[in-house]
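Engineer: Chains A and B, in that order, give the protein sequences.
Residue numbering for the first sequence follows my numbering, starting at 22 and increasing by one per position.
Residue numbering for the second sequence follows my numbering, starting at 3 and increasing by one per position.
To be clear, the hints were calculated from the coordinates, so they are not data collected in a lab.
Note that the structure is predicted; figures quoted are calculated from it, not measured.
Take these hints with a grain of salt, some might be off.
[As the list claims (entries may be wrong)] Some chain B residues well away from chain A (every beta-carbon gap over 12 Å; in silico): (1) E19; (2) D20; (3) A22; (4) A23; (5) E26.
[To be verified] Just so you have them, the derived chain B footprint on chain A, three or more residues with Cβ under 8 Å: (6) 76 to 89; (7) 125 to 136; (8) 141 to 154.
[Stated by the list, open to error] Okay, derived cross-link-like pairs now, EDC-like style, lysine to aspartate or glutamate, Cα gap no bigger than 20 Å in a straight line: (9) K65(A) x D67(B); (10) K141(A) x D67(B); (11) K181(A) x E77(B); (12) K181(A) x D44(B); (13) K141(A) x D76(A).
Even for Gly, the Cβ is constructed at its ideal location relative to N, Cα and C.
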Amino acid sequence: MVAQAALDRRIRSGPALAALASASVRLTPFDPIAVANWSRMWTKKEYPWDSLWRDFRPYIDRFEVAIWANGQVCGLALGRPSRGNQNVTIHFVERDMGANNPFGGLVIPVVADVANFYAKALGKELVKVKDPVFGAIPAYLKVGFVPAARIGRTEYLERKVEL
Amino acid sequence: MNFLYLATSFEASLLLEDRAAIRERARLEALRRLAGTPSLFDTMTSEQAAAALNSTAPATAGHYDPAVTTYEAAE
Numbered sequence: 022m023v024a025q026a027a028l029d030r031r032i033r034s035g036p037a038l039a040a041l042a043s044a045s046v047r048l049t050p051f052d053p054i055a056v057a058n059w060s061r062m063w064t065k066k067e068y069p070w071d072s073l074w075r076d077f078r079p080y081i082d083r084f085e086v087a088i089w090a091n092g093q094v095c096g097l098a099l100g101r102p103s104r105g106n107q108n109v110t111i112h113f114v115e116r117d118m119g120a121n122n123p124f125g126g127l128v129i130p131v132v133a134d135v136a137n138f139y140a141k142a143l144g145k146e147l148v149k150v151k152d153p154v155f156g157a158i159p160a161y162l163k164v165g166f167v168p169a170a171r172i173g174r175t176e177y178l179e180r181k182v183e184l
Numbered sequence: 003m004n005f006l007y008l009a010t011s012f013e014a015s016l017l018l019e020d021r022a023a024i025r026e027r028a029r030l031e032a033l034r035r036l037a038g039t040p041s042l043f044d045t046m047t048s049e050q051a052a053a054a055l056n057s058t059a060p061a062t063a064g065h066y067d068p069a070v071t072t073y074e075a076a077e
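Using the sequences and the hints, build the whole thing.
Structural biologist: As structure tokens, this is what we get:
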């Protein structure tokens with residue numbers, strides 16, 4: 022995975038990410054092991070990822086990433102590409118809010134990076150985030166997202182795909 | 003005659019290209035398109051990474067409604 026290679030490179034060379042250097046970091050698609058790990062290990066759960074995965078699984082074209090460190094799932098995201106060339110939309114993102122999550126505030130940058138690579142591979146122009154939670158919006162803005170046009174009552178953020 | 007030959011070989015190539023081969027072709031094409039794409043982590047400064055690591059913001063997006071089981075990207 023290209024995003025995994027980029028993250029590994031940055032962990033090796035960036036002093037700020039030294040805390041992750043000793044961790045075993047993996048980015049993977051969803052699978053029963055990731056969902057079971059979420060179910061067992063996360064004490065505070067915002068979304069039912071087992072149900073969400075069941076809903077998204079029938080779509081061949083879907084975006085999904087499980088962020089692992091030291092054998093534990095630290096962050097999860099699910100989304101879908103649009104039918105046309107416009108975007109990949111991230112529908113759900115959550116991070117483990119436990120104190121021992123070494124990815125802390127890095128879940129959004131990782132998810133944005135993976136979505137950017139996926140969008141570019143598909144020839145899309147934008148990555149969108151649907152229904153960003155209010156408290157998380159500053160973290161999205163920090164990695165280049167900007168408020169997008171609201172559709173109905175749904176809020177979106179968007180970021181141009183980096184070429 | 004030529005048409006028949008072409009049609010037959012086209013059909014044969016379709017049969018030969020199984021799902022694994024199609025996936026592998028798509029994977030290679032995706033890697034070709036991604037060559038040279040900068041990662042967000044390549045451009046993130048040490049200060050930005052440190053600030054992110056210290057963040058207590060929830061990395062959260064999404065509005066879950068059990069009645070909704072189908073998802074489409076907005077366009």
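Engineer: Work down the list of hints and note, for each, if the structure agrees.
Structural biologist: Status of the hints after comparison with the structure:
In this structure E19(B) is separated from chain A by more than 12 Å, as the shortest Cβ-Cβ distance comes to about 17 Å. Listed as outside the interface, D20(B) is consistent with that label: its C-beta sits roughly 16 Å from the nearest C-beta of chain A, beyond the 12 Å cut-off. Listed as a non-interface residue, A22(B) keeps its Cβ farther than 12 Å from every Cβ of chain A; the least gap is roughly 15 Å. Separation of A23(B) from chain A is adequate, the least Cβ-Cβ distance of about 17 Å exceeding the 12 Å criterion.
Here E26(B) stays apart from chain A, with its beta-carbon at least about 14 Å from theirs, past the 12 Å limit. Coverage of the region 76 to 89 of chain A by chain B holds in this model, with 3 residues showing a Cβ closer than 8 Å to a Cβ of that chain against a need of three. Given as covered by chain B, the region 125 to 136 of chain A passes the check, having 9 residues with a CB less than 8 Å from a CB of that chain where 3 are the minimum. Under a criterion of three residues with beta carbons nearer than 8 Å to beta carbons of chain B, the stated coverage of the region 141 to 154 of chain A is upheld, 9 such residues being counted.
For a cut-off of 20 Å, the pair hint linking K65(A) to D67(B) stands: about 18 Å separates their Cα positions. For the hint pairing K141(A) with D67(B), the CA-to-CA distance comes to about 30 Å; that exceeds 20 Å, so the pair is violated. With a CA separation close to 14 Å, the supplied pair K181(A) and E77(B) stays within the 20 Å bound. Taking the CA atoms of K181(A) and D44(B), the gap is near 17 Å; set against the 20 Å cutoff, the hint holds.
A threshold of 20 Å between alpha carbons decides the hint, and for K141(A) with D76(A) the separation of about 25 Å lies outside it, so the pair is violated.
Hint compliance for this structure: hints 10, 13 are not met, and every other hint is.
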